[in-house]
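S.K.: Start from the sequences and build out the full structure, keeping to the hints where you can.
Number of protein chains: 2
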Amino acid sequence: MIPKVSVYLAVSADYYIAREDHSLDWLEHDPKGQDYGYNRFAKSVDLIVMGRKTFEKVLGFETWPYEGRTVIVLSRSLTKSDLAPVIARRVELLNMEPAEVLCYAEALGCTHIYLDGGITIQGFLAQGLVNEMILTVFPLLLGKGIPLFGPMDKEVALEVLDLKGYDSGLYQVHYRVK
Amino acid sequence: MIPKVSVYLAVSADYYIAREDHSLDWLEHDPKGQDYGYNRFAKSVDLIVMGRKTFEKVLGFETWPYEGRTVIVLSRSLTKSDLAPVIARRVELLNMEPAEVLCYAEALGCTHIYLDGGITIQGFLAQGLVNEMILTVFPLLLGKGIPLFGPMDKEVALEVLDLKGYDSGLYQVHYRVK
Numbered sequence: 001m002i003p004k005v006s007v008y009l010a011v012s013a014d015y016y017i018a019r020e021d022h023s024l025d026w027l028e029h030d031p032k033g034q035d036y037g038y039n040r041f042a043k044s045v046d047l048i049v050m051g052r053k054t055f056e057k058v059l060g061f062e063t064w065p066y067e068g069r070t071v072i073v074l075s076r077s078l079t080k081s082d083l084a085p086v087i088a089r090r091v092e093l094l095n096m097e098p099a100e101v102l103c104y105a106e107a108l109g110c111t112h113i114y115l116d117g118g119i120t121i122q123g124f125l126a127q128g129l130v131n132e133m134i135l136t137v138f139p140l141l142l143g144k145g146i147p148l149f150g151p152m153d154k155e156v157a158l159e160v161l162d163l164k165g166y167d168s169g170l171y172q173v174h175y176r177v178k
Numbered sequence: 001m002i003p004k005v006s007v008y009l010a011v012s013a014d015y016y017i018a019r020e021d022h023s024l025d026w027l028e029h030d031p032k033g034q035d036y037g038y039n040r041f042a043k044s045v046d047l048i049v050m051g052r053k054t055f056e057k058v059l060g061f062e063t064w065p066y067e068g069r070t071v072i073v074l075s076r077s078l079t080k081s082d083l084a085p086v087i088a089r090r091v092e093l094l095n096m097e098p099a100e101v102l103c104y105a106e107a108l109g110c111t112h113i114y115l116d117g118g119i120t121i122q123g124f125l126a127q128g129l130v131n132e133m134i135l136t137v138f139p140l141l142l143g144k145g146i147p148l149f150g151p152m153d154k155e156v157a158l159e160v161l162d163l164k165g166y167d168s169g170l171y172q173v174h175y176r177v178k
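Chains A and B, in that order, give the protein sequences. The first sequence begins at 1 in the working numbering and counts up one residue at a time. The second sequence begins at 1 in the working numbering and counts up one residue at a time.
Do not rely on the hints blindly, as some may be mistaken.
Pairs count within a copy or across copies, as identical chains cannot be separated in the list.
Within a straight-line C-alpha distance of at most 25 Å, the following computed DSS-like cross-link-like pairs (lysine-lysine) qualify [what the hints assert, rightly or not]: (1) 32 / 178; (2) 57 / 154; (3) 178 / 144; (4) 4 / 53; (5) 178 / 57; (6) 57 / 43; (7) 53 / 144; (8) 178 / 154; (9) 178 / 4.
The hints are simulated quantities; they were obtained by calculation from the structure and are not laboratory data. The model shown is predicted, which means the values in this text are computed figures rather than measured ones.
M.R.: Listed below in structure tokens is the structure:
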């Protein structure tokens with residue numbers, strides 16, 4: 001069975017996923033510990049697929065957030081020898097197109113892919129290979145940054161499965177890609 | 001009193017307000033006649049301010065939608081002599097910066113401005129001169145078009161005043177600009 005492909009992202013109100021320098025400092029944690037459904041979502045995922053830039057960002061986090069999970073990093077240039085051994089053990093580096101990634105994931109027996117990174121998401125969307133997008137929107141116009149959506153040659157119809165406002169001032173829209 | 005400045009727009013899910021050729025054919029009317037609060041909003045408005053490109057788009061509509069209302073068209077180049085007399089009577093052409101438009105509107109005794117057009121909205125937002133944005137989101141990624149938001153050198157904090165889903169599949173987010 002072809003794995004389900006999900007996007008779960010925090011975005012600014014003008015749909016940037018990070019500042020130009022990839023920083024996420026504008027994403028404040030909810031003092032009430034609200035996780036916006038992330039943990040439930042993350043538990044359902046058995047494969048994480050991200051682009052190289054997102055990977056490099058995650059490497060700067062205090063702890064590796066995907067312990068015990070299969071992580072694929074898509075890159076045209078990066079090889080294992082570029083990585084410290086402790087990092088290299090945590091990920092698979094693949095130079096693949098979106099459809100090839102899905103075949104590969106299916107062969108691994110994966111059922112639910114968590115897709116991360118602007119360029120990676122845009123590539124899968126353009127190929128019609130994203131099944132759902134859960135966007136948690138921060139009420140802030142960043143004005144510039146790394147955009148969630150990029151130019152596409154075709155339209156993609158969506159369906160709003162769920163729409164939630166939070167006391168923290170954020171809201172979340174859950175799209176199914178038709 | 002400085003007039004309140006509102007944006008009321010239909011946008012695609014990737015925040016385009018029109019196709020690259022300015023067409024709006026992707027905006028389907030709701031078969032149930034749902035107006036998404038437009039009429040109530042429009043009644044509260046006593047001045048419409050739009051950019052030249054939006055004006056040219058509106059000229060192509062079957063009927064002039066702002067009959068009986070003051071309409072300001074912002075343009076650096078257009079003059080009344082460029083317009084047919086029947087059109088010229090309907091609008092004021094001004095070559096003004098956002099803050100000047102507000103002073104002018106205040107002098108006219110206007111209290112509530114309906115701001116339209118991507119570049120116009122971006123200009124007012126960048127100057128901190130928009131008070132609210134009501135965005136009705138169509139569940140469709142257009143992939144390209146005229147963007148609602150443009151690059152800005154500063155951030156703009158928003159507050160979600162209201163969030164509504166509609167049976168038609170659209171949703172609406174009402175932001176107050178802080």
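S.K.: Where does the structure disagree with the numbered hints, that is, which hint numbers, in rising order?
M.R.: Checked against the structure, the only hint that fails is number 5, while the rest are satisfied.
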